[in-house]
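Student: With these hints in hand, go ahead and build the complete structure from the sequences.
2 protein chains.
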Amino acid sequence: MKMAEEKPARKKLENLGAEMLDEIAKDESPHFETMLRSKSNVLYDEAIGCLRLGDKKEIRTFVNVAQAKKFMQTVAVAAKCKKFLDEDAHTSIRGLFYQLKYSLGEEMDEELFAEQEESNPLIEDLEAALKLKREDLNLNTDRKGVVAGSLVLLDKFGGERTEIDCAKQGRSGWMVPSDVDNGMDFISVDAEWVLVVEKDALWQRLNEDKFWKKENCVLITPKGQASRGCRRLIRKLANKKLPVIVFTDNDAWGWYIYWTIKTGSMNLAYLGNDVATPEARFIGMTMQDLKDYDFLNKLTIKAKDVDVKRAEELLSYPWIAMHKPWVAELKSVIKSKRKIEQDALQGPRLSFVGDYLREKMAKKKFLP
Amino acid sequence: MKMAEEKPARKKLENLGAEMLDEIAKDESPHFETMLRSKSNVLYDEAIGCLRLGDKKEIRTFVNVAQAKKFMQTVAVAAKCKKFLDEDAHTSIRGLFYQLKYSLGEEMDEELFAEQEESNPLIEDLEAALKLKREDLNLNTDRKGVVAGSLVLLDKFGGERTEIDCAKQGRSGWMVPSDVDNGMDFISVDAEWVLVVEKDALWQRLNEDKFWKKENCVLITPKGQASRGCRRLIRKLANKKLPVIVFTDNDAWGWYIYWTIKTGSMNLAYLGNDVATPEARFIGMTMQDLKDYDFLNKLTIKAKDVDVKRAEELLSYPWIAMHKPWVAELKSVIKSKRKIEQDALQGPRLSFVGDYLREKMAKKKFLP
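If you read the protein sequences in the order shown, they are chains L and D.
Sequence positions in the first sequence follow the working numbering and run 1 to 368.
Sequence positions in the second sequence follow the working numbering and run 1001 to 1368.
Hints were generated in silico from the structure; no laboratory data involved.
Predicted model only: the values in this text are computed from it and were never measured.
Please note: incorrect hints may appear among the correct ones.
Derived EDC-like pairs (lysine to aspartate or glutamate); straight-line CA-CA distance at most 16 Å [said to hold, decoys possible]:
hint, chain 1, residue 1, chain 2, residue 2
1, L, Lys156, D, Glu1160
2, D, Lys1210, D, Glu1058
3, D, Lys1210, L, Glu160
4, L, Lys213, D, Glu1160
5, D, Lys1298, L, Glu115
Tutor: In structure tokens, the structure reads:
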């Protein structure tokens, strides 16, 4: 077995176990404390500009009939993650579930883990308790998203070091991995800003036109909703002081993508500003575009009920309602019941999408 | 404007237009002939081992009230594709739809294309009529799938030549593009076989264990159902005489992935053996595995109704019913109502999945 690098996650897991052993030695019931992840403990942190958890705690102890099973399950998950770190091997949360099922299933009267729904929330509990990400526990998450631009990374993986030059990926681009922190460093970031494009089809269009080269940006498509890895990569590029500009349809899905990148999401509030980029700005599509680009008026499509409902919901969030241009934008969609897809910019000619972006960048026509 | 390479697709589109002009010159009604793509004209070609279209034709002419609109729409789609080829620029079928809507919307009394549902089938008609793929018409399709292995490609794209070494892609792998034919060549294929793994999570596991390096295979995950590009890449690797082995769950979704790779699908029957790999073999998961790997018995999960229904459906297809081992396999699932996920192989230890594959490869334990 190859010796794993010393990782903070391993130390944290060891401490967690040591504390429990201490409690047992003192004839106390071992306990596990984490942050309460329910909606009642999610708040918008105005100072940072993202969603995060409040101060409420959740405690489970072994000598409590209602908590004993969940306590044991939590310890089992922690022990497995420690093992994965020791082995320097990664798996998915599904792989973790099967390891738990395999090793615990026959030793206990009742199956400790019958369904994965039981192990998933415990991973989030651990992340929140240890203040780290599941990626730090060698758990892979869904990968999605593609990158091109003047950005070079070093990928230390499986005992090898690979240099990834995002300017030399041809038509494909570099696929954003699950973990962009552990064993993954920026070698150089020569690009000056980041453009996040909702749809892969538009990314391919802009990549073919060498938009990222001409405008010196990192061109990213999350391919719809951004994966954890993609959100984390955007955060890391923002840490390098690169402005982040987001380009989506003006509909329920597009807004969701933008606000998740910017403020994080309710579900991942426990990760706070590790995966949020409050500095992000929204370039389009907007209802104002209909005034500035007349041809778009014949290319709008009817907003669906879900779009209108979502716009109303967003207006009720204080961190959105505080931005007047967003209030106007959302009200305009609700009133007109029309939406515009980013694909529509290809109407007059395929390369127009780049011109649209250039013009709006030059005039700094962003929503906050 | 950059001069485009001479492409057969351009010539075919020109001929299509020239024939119509000829007809008009002769005072005949211009017509468009394609292969009928409805189910009634899909057949299984036993000699090749894949689904393809039969001999039935579909003809639409201009001077026919019922066909005039569709005829004009078809010509409009063909003209746009010719333009994209002339401009040497690609777009998606959504981009094509907006180009049609933009340039035709105001010139006609009635909108020629109100919804994309109207333009999509016409693209397929064109593909079938011209005997080429939409990728040859500069139309991008959804990209999905990731590759690692001793395989080097040359990507000629946007006026640049990029060498892609699939052995040097770190944790990410090389993302399979929409078009693996035009401007895309194999430089070297040192791998000896192809392993197609349904789930990305398993691909990541095998990639971390350097399975593709140790076993000298091209490791591909389609990430679920294989995209057109991914199916085409597998076909091209099979053309290089590399055996293709497919590894999925034994359930409705897994079988669908396998049979689509092997025989093609009803929907894409018009592409015939361009995207089918009849040589493909199935390595698992199988019900036999429960006898060979005892631990799997406690890791099975209940088959869903859709799995059982799908197994019954597959038994009714002659090209599946002709394989006795498949009949036994499907009947066993129907009877036991159990299924096994490929993830379950990580139960005893994370690296077991590689050992399972090695053992079955050595013993040639495949389903046809």
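Student: It remains to establish, for every hint, whether it holds in the given structure.
Tutor: Taking the hints in turn, this is what the structure says about them:
Restraint check for lysine 156 of chain L and glutamate 1160 of chain D: not satisfied, since their Cα atoms lie roughly 28 Å apart, outside the 16 Å limit. In summary, the hint linking lysine 1210 of chain D to glutamate 1058 of chain D is not supported, as the alpha carbons are separated by about 51 Å, beyond the 16 Å threshold. At roughly 10 Å between alpha-carbon atoms, lysine 1210 of chain D and glutamate 160 of chain L fall within 16 Å of each other, so this suggested pair holds. A distance of roughly 12 Å separates the Cα atoms of lysine 213 of chain L and glutamate 1160 of chain D; the hinted pair therefore holds under the 16 Å criterion.
Distance check on the hinted pair: lysine 1298 of chain D and glutamate 115 of chain L sit about 13 Å apart at the alpha-carbon level, within 16 Å; holds.
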